[in-house]
Amino acid sequence: MSGDNWRPILEPLCRDVPYAARLDSALETVCRLTRLGAAYLYVLDEAGTHFHLERSRASAAPRLSEAVEGGAETIEAGPAFELPVTPEDDAPRLVATPAGRLYSYPLEGVGLLQAGPVSRSAPAHARRALADAAFPLALLVRQARQEEALRTRLASLSARVDAGQRLAGSALDSGKYVALLLELALRATRTEAGFVAIVGEHGTLEIRSQSGLPAGFAESVDLDPERGLFDWSLGGGGALILRDVETASRLGVRSLLAVPLLAGDDPLGVFALVNFGDGGTFDENSLPLLDTFSDQIREMLHNDRLFRDFAGRFLATVQGLARSLDVRRPHTNGHHERIAANASALAVALGHDGGAVEALRIAGSIHDAGMAGGSDYQADVDHPSVGAGLVEQLPLHAWVAPAVASHHEWWDGWGFPLGLAGEEIPRGGRILAAAEFIDEMSSGDPVREPWGKDKLVAELGVRSGTQLEPEVAEAAIGLIGQDGLVLGGGQ
Amino acid sequence: MMEAEVREIDGITVIAPRGPLDVGAALDFRNLLTGPIAVQGNKVLIDLSAVSLVDSSGVGVLVTAHRQAVAAGAAFAIAGAVGPVGRVFEMTRTNKLLSIHASVDDGLASLRDA
Chain V
1 MSGDNWRPIL EPLCRDVPYA ARLDSALETV CRLTRLGAAY LYVLDEAGTH FHLERSRASA
61 APRLSEAVEG GAETIEAGPA FELPVTPEDD APRLVATPAG RLYSYPLEGV GLLQAGPVSR
121 SAPAHARRAL ADAAFPLALL VRQARQEEAL RTRLASLSAR VDAGQRLAGS ALDSGKYVAL
181 LLELALRATR TEAGFVAIVG EHGTLEIRSQ SGLPAGFAES VDLDPERGLF DWSLGGGGAL
241 ILRDVETASR LGVRSLLAVP LLAGDDPLGV FALVNFGDGG TFDENSLPLL DTFSDQIREM
301 LHNDRLFRDF AGRFLATVQG LARSLDVRRP HTNGHHERIA ANASALAVAL GHDGGAVEAL
361 RIAGSIHDAG MAGGSDYQAD VDHPSVGAGL VEQLPLHAWV APAVASHHEW WDGWGFPLGL
421 AGEEIPRGGR ILAAAEFIDE MSSGDPVREP WGKDKLVAEL GVRSGTQLEP EVAEAAIGLI
481 GQDGLVLGGG Q
Chain G
1 MMEAEVREID GITVIAPRGP LDVGAALDFR NLLTGPIAVQ GNKVLIDLSA VSLVDSSGVG
61 VLVTAHRQAV AAGAAFAIAG AVGPVGRVFE MTRTNKLLSI HASVDDGLAS LRDA
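As they're listed, the protein sequences go chains V and G.
Everything in the first sequence is counted per this note's numbering, starting at 1 for the first residue and increasing by one.
Everything in the second sequence is counted per this note's numbering, starting at 1 for the first residue and increasing by one.
One should not assume that every hint holds.
[Said to hold, decoys possible] One-sided excerpt, in silico: chain G residues whose CB lies under 7 Å from chain V: (1) V23; (2) G24; (3) A26; (4) A50; (5) S56; (6) G60; (7) V63; (8) P84; (9) E90; (10) M91; (11) L97; (12) S99; (13) H101; (14) R112.
Source of the hints: derived by calculation from the structure; they are not laboratory data.
Each residue gets a CB set at the ideal place from its N, CA and C atoms; glycine is no exception.
Generate coordinates for the entire structure from the input sequences, incorporating the hints supplied.
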């Protein structure tokens with residue numbers, strides 16, 4: 001036996017390459033050593049009754065024409081994908097196959113290697129080379145299969161452990177968590193690219209997270225359930241198919257496996273793995289991993305939806321509590337609604353984005369809810385912190401809780417509860433402070449008449465740079481001049 | 001180019017694609033099915049036992065072909081979708097939309113009765 005042949009056959013075990021690449025490399029070596037054009041590796045199934053074609057290496061497949069009703073179909077002849085186990089397989093022999101006459105050699109404990117095509121008998125050098133290669137090849141296949149099984153198992157376990165560990169720390173940030181799971185899934189399945197699309201409020205799919213996709217791919221894919229890439233309207237049960245094969249092909253997709261993410265039969269989103277060009281297709285080992293990651297993402301999205309649903313209801317309860325405080329006195333009736341409207345109007349005038357504007361609307365609608373804790377002096381001092389504490393765990397815009405907590409701080413540091421000054425005060429709090437001042441002064445109270453617009457504008461000028469941030473005070477003055485704010489006292 | 005074997009057994013057209021049924025093969029596969037499923041009374045069995053893996057495009061072609069066959073009055077069934085191939089139909093929830101049989105013999109038997 002030539003030990004020189006062992007090295008090239010076993011060499012792929014020393015490289016960190018995929019399972020299939022290891023076998024392909026070994027078959028390439030077999031073809032080179034035997035000087036034959038094709039080599040087919042069969043492995044024994046778990047039942048021990050059949051050999052399954054695991055990998056093949058062939059320079060070109062012969063073409064056959066087969067007569068069928070209505071014409072002839074041209075097919076490319078290839079090896080059988082499955083062979084029944086027979087006693088003759090235990091010894092080297094010639095076999096006739098759709099791929100031609102092949103020399104079949106047993107691989108102990110693994111399966112068969114068939115190489116050819118050969119004529120009436122295999123050339124002596126090919127028989128010798130196969131005899132030399134059989135043992136190291138069987139060793140390589142066994143080792144590679146064991147490593148692949150371990151890798152799959154390890155990746156699956158790692159994914160669950162990693163995901164579980166990170167779940168606790170990112171319960172409020174499902175976007176990051178989904179992105180993390182996507183990255184882990186791509187790495188574990190050795191897939192080029194992938195994305196997670198979420199069902200939006202109006203039933204449309206929106207890509208939440210993506211990795212490895214070519215530039216412009218996400219933008220050019222139509223995810224409309226009625227006419228887009230996927231068909232998800234197949235009569236219940238959440239069945240999902242890729243409908244627009246032409247577009248997928250035009251975008252260079254070689255294979256795409258999309259799994260519906262469901263809560264019962266309720267669609268949450270789609271988890272898709274994509275290979276491009278010659279990147280190949282998914283192997284069977286990818287499927288259990290895909291299952292594992294689908295479960296994790298589905299669980300995350302389901303929990304996220306439940307949490308947001310709960311958060312919405314909880315916020316509505318806090319808003320109801322705030323309104324109940326307003327109706328106790330005639331001059332405060334509608335206070336929170338007006339602050340919500342005016343704070344968001346100020347945010348727009350100051351050029352903030354839609355998220356910040358909505359955050360100010362929410363913060364305005366609950367800013368005094370902390371007053372429900374009591375009516376003494378300390379409760380009055382603490383109400384910004386107490387109110388912020390009611391909502392700080394909710395998945396709201398990052399401005400909401402800090403704005404509530406700081407809406408009684410003064411620009412010059414003379415406010416409460418912390419005595420923050422200038423830029424130390426969150427911008428949302430500075431805006432809310434102006435809206436609060438305008439509403440209280442324009443509403444009046446039992447011992448003070450409501451201020452009119454002129455008085456308000458004058459006082460805003462006076463308090464600019466002391467109680468109020470100058471830029472915010474200036475924006476408020478501008479809006480009052482345009483009747484752009486809702487004033488109290490029926491003005 | 002997709003590889004496929006087409007044969008007739010007891011008046012049933014048996015189409016057996018080979019290799020992966022992915023985006024690269026889906027259009028050829030769809031073209032291959034279009035004729036047989038469009039004729040009222042035809043019986044078509046797709047033998048997937050030589051398919052190494054199917055992706056969402058392959059599943060899509062089979063589901064669409066099934067719907068079009070039913071609409072045209074043809075009978076359509078799938079056989080040999082075992083192992084990873086069968087698992088893909090379950091993962092995409094399409095197994096309940098299709099008539100899937102473990103073996104070609106089972107598939108032929110179901111179509112003879114159709």
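Hint check:
no., hint, in the structure
1, V23, "5 Å, holds"
2, G24, "6 Å, holds"
3, A26, "5 Å, holds"
4, A50, "4 Å, holds"
5, S56, "4 Å, holds"
6, G60, "4 Å, holds"
7, V63, "5 Å, holds"
8, P84, "4 Å, holds"
9, E90, "10 Å, violated"
10, M91, "5 Å, holds"
11, L97, "5 Å, holds"
12, S99, "14 Å, violated"
13, H101, "17 Å, violated"
14, R112, "17 Å, violated"
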